[in-house]
Amino acid sequence: MGHNEHKRGEAMLEIKDLHVAIDGQEILEGLSLTVKAGEVHAIMGPNGSGKSTLAKVIAGHPDYQVTSGSIRFKGRDLLELEVEERAREGVFMSFQYPVEIPGVSTASFLKAAVNAVREHRGQTPLDAFDFLTEARSAMKLVKMDEALLQRSLNEGFSGGEKKRNEVFQMALLQPSLAVLDETDSGLDIDALRQVAQGVNALRSPDRGMVVITHYQRLLDYLVPDHIHVLAQGRIVRSGGEELARELEEQGYAKLLGEAGLERAAAQAV
Amino acid sequence: MNTSTPAADHYRQVLDRSCSRLAGADLPWMNKLRGSAMERFAARGFPTRRDEDWKNTDVTALGAGRFASCLPVVPPVASAYPEIQDAHRLVFVDGGFVSAAERTQPLPEGVVLTTLAQALVDDPVGIARWLAKRPERGEHAFFDLNTALMQDGMVLRVPAGVVLEHPVHLVTVSTGGERASWLRHIVILEEGAAVELVEDHITVALFDGPDLSDSVLSISLADEAELLHSRLQRAGKQSHQLGMIHVEQGARSVYHLQALSLGGALGRTELRVAQRGPEAETQLAGLSLGLDTQVQDFFTFVDHLAPGGASEQAIRAVLAGSARAVFNGRVRVARDAQGIDANQSSRALLLSEDAVANARPQLEIYADDVKCTHGSTVGQVDDEALFYLRQRGLSAQQGRRLLLEAFTAELVELFPEGDVREHVQAAVARWLRVALEGRR
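Protein chains in written order, with my numbering: chain A, 1 to 269; chain S, 1 to 440.
Do not take every clue at face value.
To give a feel for the contact side, a few chain A residues facing chain S, derived at Cβ under 8 Å [as the list claims (entries may be wrong)]:
#1 Ala87
#2 Met93
#3 Phe95
#4 Ile101
#5 Pro102
#6 Gly103
#7 Phe109
#8 Ala112
#9 Ala116
#10 Val117
#11 Glu146
#12 Leu148
#13 Gln169
Please keep in mind that the hints were generated in silico from the structure rather than gathered at the bench. Remember, predicted model here, so these are calculated numbers, not experimental data. For every residue, glycine included, the Cβ atom is placed at its ideal position computed from N, Cα and C.
Pulled out of the complex, with its shape left as it was, chain A reads as follows:
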């Protein structure tokens, strides 16, 4: 993977005291997080805590303004890069609500995406045959129906098909950092298991992952190295697996109450 190589243990993503606003309203209020290569971090939190904002800011969504703080990715200032530059450097975000784009076939879009990334890495572009070969093997990973490749991107896809399509694209693009925004939402238990298996297969010593979820159930299949609880725009607790169990047993309200976040606790019931 040339210059994208990153060794286990090196800081891949470093977020420091990040403040983010949308339409003048502050959503992240001093968030800090470090993800090393090879690690999987879960971000949990009640609705409205800023989880999706974090994902979108890492990806570079133009609607979110970073008012202070920094994000470094593989040592570089990520905030200086355009959305597509981040993607080509190896940042991948799995969308909570993948966009439906009528008239754009999944195959032709993905071939363009794969080749944009390859070109950036100084690799030769894939022709139609090689692309299809790679696509087929990536689809197997999430048991995605090959026929979906010829359909318009996400158009009329079921919730499960859309999420499989996201993980399939991640497998194809081989990012250094994957941010999964509520990849479990809207999935039944079988689909959840298959999608989680796909993500597990993509864990690697030179890849970092940030898994954003509201529910603990995804973490039964996708065991993280670290768990963080996000509330009122900040990380209020960090820990290991035991934190997920504590949340499952006691809910967000008690934990947030103990952290002195009465407003968030009241909303989290």
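Using the hints provided, position chain S relative to the given structure of chain A.
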């Protein structure tokens, strides 16, 4: 009665000077037809924005132009003409027929494919009634002047039951130099006949200055006849293109028009359809691409006069610069025309803040058992979709291009497969490159 205005005086002079070279010049009734059309024009003048049907399309500058016609034809190099494999091709340059560019395959027994001038020699009586027809509410300067000044045109008559294997390719070339072309075409399909017609309007700028291409195409479809009509307008910067299409449909006949309109200072395509027989089918797919200060106008009037008919109209526009797209879609359903299914949709994507899209559906329904729908949207490229594409590594430009290709593809795919669709695809791709990257 002879009104005198600068425009009327100019075009009267054009008529006087070119009279002897016009189709049917030795037929007294033709000269009378021309003369009275000229006087109607003189009295009426050019439309203004106070005219309901021209509210959003300003032709003041065009009306002030002093276009000449019937000048000696200078044909461009043969390679300038678009090619469609195996087609029967007729070429008109600045309104004059270029016999050297004609390319026809053997035609089935009884099929007539000729020029208007020749048809007026061979069968003047058969042609007369088509030339004398005047459209309801469709008479305006550009129709009157066409009747007064028609130089030539194409006549196609296909007998009952005959299906033409190869398309008919009608090529109209404008060359600049303040030249006007006034063409009058007639297509008559008898019962059960079927034809593919491709109309190609291009500009080869041999001379400096604007030009005007004004054409009237009268189409008559007998019961169960089918006409698949593609109209490709790829005009030069200073071209003005006015195309009037008048269609009469018999029972269970089918008329499909796929129209691409790009380039030109002004492009206006008027489609007037009268469904006279029951269960007729009409379909229009109109794609406008506008740059700079261009105006692209689709004006339609579908008149459902018999029961069980269907009409489907889809208009799409992509506009950059301060371009304008206009869609006036009038549908009338007569009292006895029950069971009509008439749908209209117009969607425009604006690539700049100064671009404008006007859509005006007008439904007049006098029957009670009908299904009529219309919808119109104007918007920008979807930001969330663009963010998604960029998140996967596509540049903003690549992403926009992909989204615009998808937006136009829906209509492009309605053009017949093969050379025609390829010409359209290439023209759209080239246009998108110019609009998004500023590369000419």
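Have a go at the Ala116 (chain A) hint: is there a Cβ in chain S nearer than 8 Å to its own Cβ?
At about 4 Å, which falls below the 8 Å cut-off, the nearest Cβ of chain S leaves the hint on Ala116 (chain A) intact, so it holds.
Restraint satisfaction for Gly103 (chain A) [CB to CB of chain S, less than 8 Å]:
Since chain S brings a Cβ to about 3 Å from Gly103 (chain A), closer than 8 Å, the hint holds.
Please check whether Phe95 (chain A) passes as an interface residue: C-beta within 8 Å of a C-beta belonging to chain S.
Because about 7 Å separates Phe95 (chain A) from the closest Cβ in chain S, which is inside the 8 Å limit, the hint holds.
Quick check on the hint: Val117 (chain A) CB to chain S CB, less than 8 Å?
holds, 5 Å
Under 8 Å, Cβ to Cβ, is where Gln169 (chain A) needs to be relative to chain S, so tell me if that hint holds or is violated.
holds, 7 Å
Are Ile101 (chain A) and chain S close enough, Cβ to Cβ, to be under 8 Å, as the hint says?
Since chain S brings a Cβ to about 5 Å from Ile101 (chain A), closer than 8 Å, the hint holds.
Go through the hint on Ala112 (chain A) and say holds or violated, using the shortest Cβ distance to chain S against 8 Å.
Because about 6 Å separates Ala112 (chain A) from the closest Cβ in chain S, which is inside the 8 Å limit, the hint holds.
Please check whether Glu146 (chain A) passes as an interface residue: C-beta within 8 Å of a C-beta belonging to chain S.
violated, 19 Å
Do the numbers back the hint for Pro102 (chain A), that is, is its least Cβ distance to chain S under 8 Å?
With a closest approach of 6 Å, the Pro102 (chain A) hint holds.
Hint check, Leu148 (chain A) versus chain S [nearest Cβ-Cβ separation less than 8 Å]
violated, 16 Å
Restraint: Ala87 (chain A) near chain S, CB-CB cut 8 Å. Satisfied or not?
For Ala87 (chain A), the interface hint holds, since the closest Cβ of chain S sits about 4 Å away, which is under 8 Å.
With chain S as the partner, please determine if Phe109 (chain A) meets the hint condition of a C-beta pair closer than 8 Å.
Phe109 (chain A) check passes; min Cβ-Cβ to chain S is 7 Å, inside 8 Å.
Consistency note: the structure conflicts with the earlier hints numbered 11, 12.
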